[in-house]
Amino acid sequence: MHHLSDYELMLLVKQKEQEALSILYDRYVSLIYSFACKATRDEQAVRDIVQSVYVRLWTTGSGFNPDKGKFTSWLITITRNLTMDWLRQQRRHSNGLIPYLPEEMERIPDQAATPEVHVERESLKEQIRNAYRFLSKQQIELLEDFYWRGYSLRELAEHYSEPLGTVKNRLHQSLKILRRHLVVEGEG
Amino acid sequence: MTLNEKIQSVCELYLDYLSGVCTEEERIVFERHLPGCEACQAETAELQPVWERISADMEQIEPPEDLKQQVMKAAFAAEDTTKAQPGAETNRRSVKLRWLRKAPAAAVIAMFLFGSAWNFWLYRERINMSTTAETQYVDPSQIKIAIPLQSQSLDDSKASGIAYILDKGKSKQFVVYVYGATPTTGDQAYQVWLIKDGIRSSAGTFRVASEGAGVGMLTLPMESDTPNFDRIGITLEPDDKGDQPRGKKMFGSV
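Chains as they are written, first to last, in our numbering: chain C, 1 to 188; chain F, 1001 to 1254.
These are computed hints drawn from the structure, not numbers from a lab. Keep in mind that a hint or two might mislead.
To be verified - Below, in silico cross-link-like pairs of lysine to any residue (SDA-like), each with a Cα-Cα straight-line distance of 20 angstroms or less:
# : chain 1 : residue 1 : chain 2 : residue 2
1 : F       : K1144     : F       : Q1188
2 : F       : K1170     : C       : R27
3 : F       : K1168     : C       : T60
4 : C       : K168      : F       : T1044
5 : F       : K1068     : C       : R27
6 : C       : K168      : F       : A1042
7 : C       : K70       : F       : E1031
8 : C       : K176      : F       : C1011
Just chain C, with the same shape it has in the complex:
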């Protein structure tokens, strides 16, 4: 079963083939785990998020459509939604003030992914970091708050004391700048 594509595995998951979910765990757990670590810095939350993602794959089975994009993009979308839900819940419980401690969790390099996968992910990371160099400090701050910390644009407009339209426009510009400096698949 290990040679099957992600989509084929998802079809098996839909038929309640436990082994298929287990393989998808091995393939992607480090991606999900790393994402949730970066966004939450809370080990228990990360464990819960990973669990929620796989529970969701198992119980809803059919959501992935290969015509609409890559499996990893779809998986990241689910992971991000669950992570943002957790962050917003934390903020609600602490009246919007949560300390953000960048290096709280111990970082252990990921060695379980195959070397090829590891190299590919490192290369993607390099590319996005290079593109970030073309952004202003303000633009980076917006992307961090919006993408990784789950604030809505409306909340950020209030936080930065700026009109919503200005913040929207800045996000749009930031994405356009990244677009210019990223090699998008199929163009490279």
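Put chain F on the given structure of chain C with help from the hints.
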């Protein structure tokens, strides 16, 4: 907030759509809008891949060994829970009204549902209770039939809507959703009419809040598999008590 900000055009949903902060209904509205809007198509083609690349900016961290067992156990147990509870209570027949607000409310509900409360969600599913939250998160694969609704009012020419039938396994729901509609004031209410062989019957009413993007929604449980109507009409009524249309027609099925 100015009036202009309140009445956003569907195009302005783009960033919300891209970043996933829109409600499921807004997503449906936007995806219906997309094939007919070149500007939004160009934006999507250009920025979607960028959005997906942002996540690459993270350290790769190896999860603890014991996590797999915990996760697999929880996943397989979640399935058992849903299987072990056949035929729970039936849906209450009453028509339910609810309003969708913009992202903050949806976010609160979202974390309630999916944050650390997965078991709670399963519980809700099991006893088949209708909650506001339940309708916010729609699995696209559950949508069986979608019927576009067009604005019939010149004042609301940017408004649009959709009616769809959700197959949630044990239960089916009929959902009517409008976007960009004129807010209701006082006792005013939108009333949904189902027309079958020329005979009109009321499916229920909903209101549209003055804040937000003119979003209104009606959800009701369905008993039969197929909808028992030919057309859908929505009128703006002076109150929610009428059994025949008195107000102006605002939306109709295409």
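Results of checking the hints against the structure:
1. K1144(F) - Q1188(F): violated (31 angstroms)
2. K1170(F) - R27(C): violated (33 angstroms)
3. K1168(F) - T60(C): Holds. K1168(F) to T60(C) sits at ~11 angstroms (cutoff 20 angstroms).
4. K168(C) - T1044(F): Satisfied, since the Cα-Cα distance of roughly 16 angstroms is no more than 20 angstroms.
5. K1068(F) - R27(C): holds (12 angstroms)
6. K168(C) - A1042(F): Since the Cα atoms of K168(C) and A1042(F) sit roughly 18 angstroms apart, the hinted pair holds (cutoff 20 angstroms).
7. K70(C) - E1031(F): Given that 20 angstroms is the threshold and the Cα spacing comes to 18 angstroms, the pair holds.
8. K176(C) - C1011(F): Cα-Cα ~17 angstroms, so holds.
Of the numbered hints given earlier, the model fails hints 1, 2; all others are met.
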